[in-house]
Amino acid sequence: MSRRIVHPTDFSTASRAAFAKAVEMAKADRGELLLVHVLSPVMPVPGDGYISPKVYDEIAASTRAWAQKQLDKLLAKAKAAGARVKGLLVEGVPHEQIVRLAKSKRADVVVMGTHGRSGLAKLFLGSVAGRVVTAAPCPVLTVRGR
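For the sequence shown, my numbering begins at -8 and goes up steadily by one.
Quick caveat, the hints were computed from the structure, so don't treat them as lab data.
Treat each hint with caution, since some may be false.
[Claimed, not checked] Calculated lysine-lysine pairs in the DSSO-like style (CA-CA distance at most 27 Å, straight line):
1) Lys60 to Lys96
2) Lys77 to Lys18
3) Lys18 to Lys45
4) Lys70 to Lys60
5) Lys45 to Lys70
6) Lys45 to Lys12
7) Lys12 to Lys94
8) Lys77 to Lys60
[Claimed, not checked] For each label pair, taking beta carbons as the anchor points, the in silico distance ranges come out as:
9) Asp48 to Ala72: 16 to 22 Å
10) Phe2 to Tyr47: 19 to 25 Å
11) Glu87 to Thr54: 17 to 23 Å
12) Val81 to Val46: 42 to 48 Å
Note that beta-carbon positions come from the ideal geometry of N, C-alpha and C, so glycine has one too.
The whole structure should be built from the sequences, with the hints applied where relevant.
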């Protein structure tokens, strides 16, 4: 039984299939579903132009507002499906924050999407799912996006 299910989402198509599976598991086991989105910090772009700190703050606020809106949509969907659900926005390196959250919430399982990249794409883009699998304190169910 999975009483505490963590579903990290980046709002991509790969995450949608995992979201559906996480909701299904939460309903079947009457567990609690925790939806989490990790915001990466806004990084300065090297170049010739100067961008003021105010502009960076505006970008960060805009990104946070967009992510919260997307998270709210998923929360509404999960609640409408009959799942007990909470949402959380955190900042940092995605795989580190997901693992940290799974530990702190004593998750029974992490259900996350994977893009299924291989070869050079995986080498250059890395794999958040792969890194979570190796470091998570609990089982990780990866669901391939369609």
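Status of the hints after comparison with the structure:
{"no.": "1", "hint": "Lys60 to Lys96", "in the structure": "holds (23 Å)"}
{"no.": "2", "hint": "Lys77 to Lys18", "in the structure": "holds (14 Å)"}
{"no.": "3", "hint": "Lys18 to Lys45", "in the structure": "violated (44 Å)"}
{"no.": "4", "hint": "Lys70 to Lys60", "in the structure": "holds (15 Å)"}
{"no.": "5", "hint": "Lys45 to Lys70", "in the structure": "violated (37 Å)"}
{"no.": "6", "hint": "Lys45 to Lys12", "in the structure": "violated (40 Å)"}
{"no.": "7", "hint": "Lys12 to Lys94", "in the structure": "holds (21 Å)"}
{"no.": "8", "hint": "Lys77 to Lys60", "in the structure": "holds (14 Å)"}
{"no.": "9", "hint": "Asp48 to Ala72: 16 to 22 Å", "in the structure": "violated (36 Å)"}
{"no.": "10", "hint": "Phe2 to Tyr47: 19 to 25 Å", "in the structure": "holds (22 Å)"}
{"no.": "11", "hint": "Glu87 to Thr54: 17 to 23 Å", "in the structure": "holds (19 Å)"}
{"no.": "12", "hint": "Val81 to Val46: 42 to 48 Å", "in the structure": "violated (23 Å)"}
Hint check: violations occur at hints 3, 5, 6, 9, 12; the rest are consistent with the structure.
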